[in-house]
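Build the complex from these two chains, which are given one at a time in their own frames, with help from the hints.
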Amino acid sequence: MNQELRDKARALGLDRLTDEHLAQFERATNSMEHHLRRLPHGMPPAQEPAHVYRAKGDVA
Amino acid sequence: MSAELAFLGLAQAAELIRAKKLSPVEYATALLARIDRHDKKFNAFIALTPERALAAARKAEAEIAAGNWRGPFHGMPYALKAIIDVEGIATTAHSKVMTGNAASHDAVVTERLQAAGGVLLGKLSTHEFAIGGPSFDLPWPPARNPWDRDHFCGGSSSGSGAGLAAGFFPAALGTDTGGSIRNPASMCGITGMKATYGRVSRRGVMPLAFSLDHIGPMTRTVRDNALMLQVIAGHDPEDPASANEPVPDYAAMLGQDVKGLRIGVIRHFYTTDVAGDPEQVEALEAAVRLLAEAGAITTEISLPPLQDFSACGQVILAAEAYAVHEQWLQEKPQDYGARARERLLAGATIRAVDYVQALRWRLKLRDQVAAAFAGVDVAITASSMDPACRIDDDEALAANYWRQARMPFNVTGQPGLVIPAGFSSGGLPLSLQLVGRPFTEPMLYRVGQFYEDVTGWTKRHPAALTD
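So the protein lines, in turn, are chains S and X.
Just so we're aligned: the first sequence equals residues 1 to 60 in this note's numbering.
Just so we're aligned: the second sequence equals residues 61 to 527 in this note's numbering.
Read the hints as simulated data drawn from the structure, not as lab findings.
Do not take every clue at face value.
[Stated by the list, open to error] Just the calculated beta-carbon pair ranges, DEER-fashion: (1) X:Thr526 - S:Gln3: 58 to 64 angstroms; (2) S:Pro40 - X:Glu342: 31 to 37 angstroms; (3) X:Ala432 - S:Val52: 23 to 29 angstroms; (4) S:Ala46 - X:Pro201: 49 to 55 angstroms.
[Said to hold, decoys possible] In silico contact screen, one side only, chain X against chain S (beta carbon under 8 angstroms); selected entries: (5) Arg94; (6) Ser271; (7) Ala371; (8) Asp414.
Cβ atoms here follow ideal geometry from the backbone N, Cα and C, with glycine treated the same way.
Bound conformation, chain X alone (with noise of 0.2 angstroms):
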């Protein structure tokens, strides 16, 4: 298989496909043999599901040739995260406490991605429930960087990053709690969207905290990314949270340049609430210039503490997944991983009041990012503070949970897009978040598809995988 094929966007896959040059069933064939040869270094995948995957391109072949071509995810291979739901299939959320666990029917971004077409090509590996961080102590290894196997490949969502920096597929969903779809974007190189808390029906998905959860698509560009969210953005009447909103086009302002955008820079999040990484640090100055450059007009904004959106979102968070984990760790604490029986454990012991002020506590945060927004189109941060650690250190995935900026979403509901923006000296990957007001993932692919255009960092694949 070429690299050319393996690293083939969604929508110029999707291009291929609908003037009938890519076979959807050649393609599958050509990615699977390709997780063949190469995933037993990175274990993006614990399950995969080849027949099921031909079944759907032979389908999807046949409904193209007789000229009922669905839309750009139509025969487009993807594989989710091993939290969301397929009929049939066990939903072990990459937990001995869950094996066996057959779906009884797909999520609703299931459904959408099959009716859409799309072609599934297997579950992902994930930090346990997506909590638990790099665990050997499961019953499937975790995700490898593909950039460097000894590094971190971030999380929770670590096989969809580590599946998309491979060429394994172009397409995954993964979910966000705490930064969990931006966490491996920024590892990993690749594009993830946490749009708006609401915006992506969380059903059939296995719950973290449900005030905090959302799912979101990961891609390798941006333009791929607003074709994915398209596809599964909508309002579900069954999910309590789920926003009554409109679906925009995504794509709409794609192409667009940044002349005469209001952007935001939250510095302070990567300077002096925390020190991010010196190179870290410089891409994202270089990108805040790029903009300004390119007629952009930036202003610095300053919202609460970094720490305080930590605080306000971490008690939500560990109250949330306690409720959900308490008779399990109460019955078979053996069952988990020591590092996420360890995070859940954090919840046993919040009361309840805690976690009442934590809620009205977060309202008043969001109303202070509102105010802050409210001069600006977008808003250019960090969301991690460094490049990858080794898989092996222990005291560096430690301070990944608190050298980040994706939490502060998360506690206000408001999209974040995480990109790449460069490489550090070692040769891994640094990024750049971009976050908007509620409901304005058009204007965040606009900036974010501008900026990759100009530089180009997504053009490039971990050396090792370019056969």
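One chain only, chain S, in its complex shape (with noise of 0.2 angstroms):
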């Protein structure tokens, strides 16, 4: 397993993956590139994500 996905993982707090584990990390989060790639880019600045956040006693 090479040492450039060993020290990302670690990077994360994940030094406890055996090489079976980085080899599907890997897999994983190439998978996620191409969910990544199609985000939009160029949103109106006020757009708001979605979000369920409430002051606590505020009335919905």
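Here you go:
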């Protein structure tokens, strides 16, 4: 398993991954790249994210 | 036990129990015996609770005998996916990571089913942490499809789908973050409702992705599904995503026809975005024709491409799921099965900005879909693009995650009802999905039951299990 991948995992606190796990990590992150590339660019600055936060006591 | 009793619907059983023609104790005893006889082949359950079930059945029987019938769920056997808490019973999520994790409280849905007089038979197989896929490297084997045990039964609420198709119980709960109620409904030929986001409390259920998680009823028929949703729906002030909306009568529109209803057909999902299996596509087109011939006004509607919902949903799902699992993946990655570990690690490198961009995109997609739905009462589209694949076909199993049209409605939070729509030439179930505007579940049940009554697909059961 290449050192770059092992270092990347270690930086994420994933220092107990075996070689088999690291291969899974590599496949998983490559697969996610496909979805990340599809995220839109140039959304209007004021476009809100979907979130559920409300101040305590606020009535929805 | 007769097949008639094994495949009795919740509504039928409730009438018999109310009329004291069916004893809850005898019903539960018969189902437990059937499970004992057949479940070695299908692995629907990972834990049975027979003593608890019989105690609840005896209590229900005494109350009903005394004239205190609580409603259709009184004395009704049911089972729960293994990520739903029941006080004193381990919530394992089908994982070594959680083995022995006894729940200290009931989930809200468990409380509601128990308050309605339900009889819990046990905890059901799931894909590990509702994400893993059918795995053979876990403490329990994966559930098998009762229509053909060499085939996938869908997931992640796999035991719920398998157990219903096998006639082990008339009702179960599943959860759905990217389609996990509706996938086993499609694969096993049963009925699954992912109600509007916030309609059913998530409290006491192991989260997968907070903003996409739904808990919902799985049954063999539409009427049964409406009766079960009636029990579990409602506001929970302790669940921050819970909707404070009135709970309607979910059975109110059952029995009505579809004349004059405006039904949108989301055809591009299963033709151009993804090319569905020809038999599945024909089943959908036949359903559209049937509804039109019955007087519905069918029109094609267009939503953003399926791949947009998939990308948006998968980024959110992976990021939120990794937040839940990060510490365990750091400390004991070896305790996960390979499929769950790989899918969860996908969230490790998602940047904060990507997660927020996905959440911003989500609102835009929601608004685009709402605009498309403005002119229709309900929409019809695919759930799965294919009938069940073999459980040992890794490539087909991987494709199962993207050859589907369920994630769009986790992203938007709209209700989606999956019902049987026939059988493939290989004898495996086909399905369709009805989708509505938020909080229009009664309309989905109306159209779903009309189709079910006309076609009779739910009257068929796996040949090997009709004893």
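Tested hints:
no. : hint                                   : in the structure
1   : X:Thr526 - S:Gln3: 58 to 64 angstroms  : holds (59 angstroms)
2   : S:Pro40 - X:Glu342: 31 to 37 angstroms : holds (35 angstroms)
3   : X:Ala432 - S:Val52: 23 to 29 angstroms : holds (24 angstroms)
4   : S:Ala46 - X:Pro201: 49 to 55 angstroms : holds (51 angstroms)
5   : Arg94                                  : violated (39 angstroms)
6   : Ser271                                 : holds (7 angstroms)
7   : Ala371                                 : holds (4 angstroms)
8   : Asp414                                 : holds (6 angstroms)
In this structure, only the earlier hint numbered 5 is contradicted, and the remaining ones agree with it.
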